[in-house]
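Novice: Here's the letter readout for the chains.
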Amino acid sequence: MAADIKAPPLREYPGAPQPLVPDAMAASKPYVATDKMQQAIGFPGELTDGWQQRALGKMGELLGKYRSLKVYLDACVHCGACADKCHYFIGTGDPLNMPVARQDLMRSVYRRHFTLAGKLVPRLVGARDLTKDVLDQWYSYYNQCSECRRCSVFCPYGIDTAEITMAAKEIMDAVGLGQKYSNEIIGKVHRIGNNLGLPGPALADTLEGLEEDVKEETGADVRFPLDEKGAEVLLVTPSADFFAEPHVDSLIGYAKVFHAAGIRWTLSSHASEAGNFGLFIGNYDQLRTIALRIREAALELGVKRIVVGECGHAWRVAYSMWNTLAGIGAGGDDPFARQLQSQLDGRYKQPMHICELTWDLIQRGALKLDKEANDHRVVTFHDSCNVARASRMGDMPGGQFEIPRAIIRAVANKYVEMAPGTTHDATFCCGGGGGLLTDELLDLRVKGALPRMEALRQVADGQGVNFMATICAICKAQFTKVLPYYGFKMGMVGGVHQLVSTAIRLDASH
Amino acid sequence: MTAFFAILLYAATAVLVGGLAVRIRDYARTPAPLKIPTTPAPTTRGGVALRMLREVALFESLFRSNLWTWACGWLFHAGLALVLLRHLRYFVEPVWGWLAFVQPFGIYAGFAMAGGLAGLWVRRLFVARVRYISTPSDHLMIVLLLAIALSGLAMKYVAHTDVVAVKAFALGLLYFEWQPLPADGLVYVHLGLVAVLMLIFPFSKLLHAPGIFFSPTRNQVDDPREQRHLAPWAAHLDPKP
Chain A
1 MAADIKAPPL REYPGAPQPL VPDAMAASKP YVATDKMQQA IGFPGELTDG
51 WQQRALGKMG ELLGKYRSLK VYLDACVHCG ACADKCHYFI GTGDPLNMPV
101 ARQDLMRSVY RRHFTLAGKL VPRLVGARDL TKDVLDQWYS YYNQCSECRR
151 CSVFCPYGID TAEITMAAKE IMDAVGLGQK YSNEIIGKVH RIGNNLGLPG
201 PALADTLEGL EEDVKEETGA DVRFPLDEKG AEVLLVTPSA DFFAEPHVDS
251 LIGYAKVFHA AGIRWTLSSH ASEAGNFGLF IGNYDQLRTI ALRIREAALE
301 LGVKRIVVGE CGHAWRVAYS MWNTLAGIGA GGDDPFARQL QSQLDGRYKQ
351 PMHICELTWD LIQRGALKLD KEANDHRVVT FHDSCNVARA SRMGDMPGGQ
401 FEIPRAIIRA VANKYVEMAP GTTHDATFCC GGGGGLLTDE LLDLRVKGAL
451 PRMEALRQVA DGQGVNFMAT ICAICKAQFT KVLPYYGFKM GMVGGVHQLV
501 STAIRLDASH
Chain B
511 MTAFFAILLY AATAVLVGGL AVRIRDYART PAPLKIPTTP APTTRGGVAL
561 RMLREVALFE SLFRSNLWTW ACGWLFHAGL ALVLLRHLRY FVEPVWGWLA
611 FVQPFGIYAG FAMAGGLAGL WVRRLFVARV RYISTPSDHL MIVLLLAIAL
661 SGLAMKYVAH TDVVAVKAFA LGLLYFEWQP LPADGLVYVH LGLVAVLMLI
711 FPFSKLLHAP GIFFSPTRNQ VDDPREQRHL APWAAHLDPK P
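Protein chains in written order, with our numbering: chain A, 1 to 510; chain B, 511 to 751.
Quick caveat, the hints were computed from the structure, so don't treat them as lab data. The model shown is predicted, which means the values in this text are computed figures rather than measured ones. In this text, a Cβ means the ideal position worked out from N, Cα and C, and glycines have one as well. Mixed in with the good hints, there may be bad ones.
Unchecked claim - Quick look at which bits of chain B chain A covers, simulated, 3 or more residues with Cβ under 8 Å: (1) 594–605; (2) 612–619; (3) 638–644; (4) 659–672; (5) 677–684; (6) 701–709; (7) 735–743.
Stated by the list, open to error - Here are a few chain B residues that face chain A, going by a calculated C-beta distance under 10 Å: (8) 633; (9) 648; (10) 747; (11) 748.
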C-alpha cells in the first residue's frame, strides 16, 4: 500500500450528502500518452498550435455523428438528480465529480461555440471558451469518470455522462492529448493480441502450466486449448484471466465447466483479449477494429459458438456492440458476416456470456456440484457496472442480475445481498473502470471505492461475508488493490467461476 | 398595445414552432450509432413506449433519485399541463364539455404549479450541490415561470381581468381579426412573460421536453443480439457485399 494514500472514513449513514470540497481532485491526472503511443493508433503525437480549432471541429463532427451527445448537451436542466450518485463524488467531495458538473465542463464549451444563447449571453448560461485551462480541466476530470452509467439511471432524461466523457476523450485524442494507460494498451492489443502484451508462445506455456496444476488438484485431464481448429466454442476472455490473481481461478472454472459438459473449446492467440479499450476512449474505429479480431478468429478456427469470459466492459461491447461493429449476431450482410452466420450455431445466443452457458448446464443437470465445498465462504455479489447497466443475460430484462446470482446459489450455501441501492442497476462502480486502472490514479481509485466498501463493511460485520464475487477483470484487479486500504483482505474478491471451480466435481475418466 | 401584443405573440409562436421543428429535425436526423439503452431495458418497441410513458408522465427515474425534487418537479409539470388545458378555453368557442369540466382543476393546478416552482427554487438556493451547478439562467428560468404563474393567479384572485375581452382577443388572433386587448397591467405582464418563454424555449434547457424522446438510453430496444443496429455513417465501414 502506498503510504501517502488513505481511504476516506466510512460514513455513519451512507446515504448522507457529502460536503463539497472544491478542487479536492484538481491535481489528479493520469500520465499523458507519448507521441509514439499516440501515433501508433492514428492520433497526433502532441498538442500543437491551432488545437482549439481542431478540437472544436472534432466536437462539431461528433455532434453530427452521435445523437446521444447532441441531445444530452441540450437537455440537462441542472435538476441535480445525478449530483450525489457518482462514486467519485461520494469518495472525494469534489463538486466537479458530480456528473452534471462533469458534463458541464463540455456543455459550457458547447454553449459558447455551438448555441445562440452562449454566443450572445455567455455569462448568463454558463458558457466558456475552450482555453488551455478548460482543456486541462477536461483532462483531469474526464479521467475521473469510469463511464459506469450510474448517473444515467437516475437522470429524468437518461443523460449518460459516459457518452460525454467518451466524446471528451475522443476530442482530446484528436488534438494529441491522449491518456497513456488506455492508448498504450490499445497499441498492445493490435501489436500482440491482448491488453497485457502476452505473446502467443508465452500464452501457450501458461495454459500448459494450468493443465498440470488442475491435473494435480483434481486428477482430471482438464484441457486449456489454444488455436484449435474445429472446436465448438471460441472463448474470448480478458487477458488478466491468464495469469493475474484471482482472475486465473475463474479461467480454471470455465475450463472445468467445458470439461464436465464435454464441450470442445479453444482460446485464440489472435483474439486473446475480450477487453476493448476502444470503448473507454470513445473511438468508433478502434472499437470496431478491436472487435473485428474476434470475427477473424472465429472464422479462422471454424467455431460454432462464441463465448465471453468474466469481464464487464467486454461483455457490454460483446453483447451490445459486436453485432453492430463486426456482425457477430443476427442481421449482418457483408460477406464475412454472412459466412460467420452460416458457420455459427443458431440454436445458441451469439455471443454468449460464460454465465449464461454455465447456468444452462446447471439447469439441465449437466454439472455435478458439491455446494458444501464452498462452505468456508459467506458470499456476496458485486454487480459490475457495465454488465448491470449496459447489457443483459438470458431472455428477460434483468437476467444480468439473476443468472450470476443463480449460479452462486447453485454452488454455495451461504449467500448474502448487500444493501439495496448498492446492487443491481444501482450498483456502484468498483472505482477502477473506464481506463482508470492505473497506478498514478490510485488515490482516486481508493476514494472511488468508498460506497462499495461501505456496503461490504455492513455485510462483513453483520453477516460474516468473507467473499465478494464479481464477473469483471477490472473489478477483480481494482478490489485486490484497494481492499487493504479499507482493512479487508485482498483475497476477499474473486470470480463467480472461481466458486464454480471449487464446487464442481469432475469425472477423472472424462 | 393590441397591435404590439398581437405581433409579439405571432412572432413568439413562429419562433417556438419553427425553432422546435428545426431542433427536432436535427435530433431525428442525427444517428445513434451504438446500442446504449440503460439496462434493464424493454426488449420490444411496445415496452419502450411504456418506459417512455412512465418517464414522461410519472418521472420514474427522478422518483428513484430524489423524492423532493421529484415531488416539486412533478407538481410543477402536472400543474402546468392542467393550466394549459384550462387556457384552451380562450381559443375555442363554444367550449367543449370535457374542457368545461377541467376548468376548476386548472385553478388548483395554478397553485400546484407555483408551489412546485417555489420548492424547486428553494432547493436550487439552499442545497449546496444544486446551488453549485446552477447558472444565472437556471434561476431566471424559475423566476420567469413563477412570475407567469403568479400574474395568472393574481388575475383570478387579486384584480379580476375582463376574461371575455381577453377571449375575444385570443380568438381574434386565431382568425386574424384582431380584437382589442383589455388595458390591464396584469394581462400585459402575463402575456409578455409568456411570449418571452415561448421565444427562449427552442434555445434553452427547455429543450429537455423534446429531448427526452430522442434519448438513446431511454428509447432504444434491448435486442442487439437479435437485430443488427447500424448507423448510415457506420454502414459505409462494412466491406461491400
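Novice: Next step is simple, just say for each hint if it's right about the structure.
Specialist: Hint check results:
A stretch counts as covered by a chain when three or more of its residues have a beta carbon under 8 Å from one of that chain; for the segment 594–605 of chain B and chain A the count is 0, and the coverage is violated. Counting residues of the segment 612–619 of chain B whose CB lies closer than 8 Å to any CB of chain A gives 0, which falls below the minimum of 3, so the coverage claim is violated. Counting residues of the segment 638–644 of chain B whose beta carbon lies closer than 8 Å to any beta carbon of chain A gives 6, which meets the minimum of three for the stated coverage. Only residues whose C-beta sits within less than 8 Å of a C-beta in chain A count toward coverage, and the segment 659–672 of chain B has 0 of them, not enough to reach three; the restraint is violated.
For the segment 677–684 of chain B, the stated coverage by chain A is violated: 0 residues have a C-beta nearer than 8 Å to a C-beta of that chain, whereas at least 3 were required. Counting residues of the segment 701–709 of chain B whose CB falls under 8 Å from any CB of chain A gives 0; the rule of at least 3 is not met. Only when three residues or more bring their CB closer than 8 Å to a CB of chain A does the claim for the segment 735–743 of chain B stand; here the count is 8, and the claim holds. At about 7 Å, the closest approach between the beta carbon of residue 633/B and any beta carbon in chain A falls short of 10 Å, and the interface hint on this residue holds.
With its C-beta approaching chain A no nearer than about 5 Å, residue 648/B sits inside the 10 Å limit, and its interface hint holds. Hint status for residue 747/B relative to chain A: holds, with the closest Cβ pair at about 7 Å, below 10 Å. A cut of 10 Å between beta carbons decides the hint on residue 748/B: the least distance to chain A is about 4 Å, and the hint holds.
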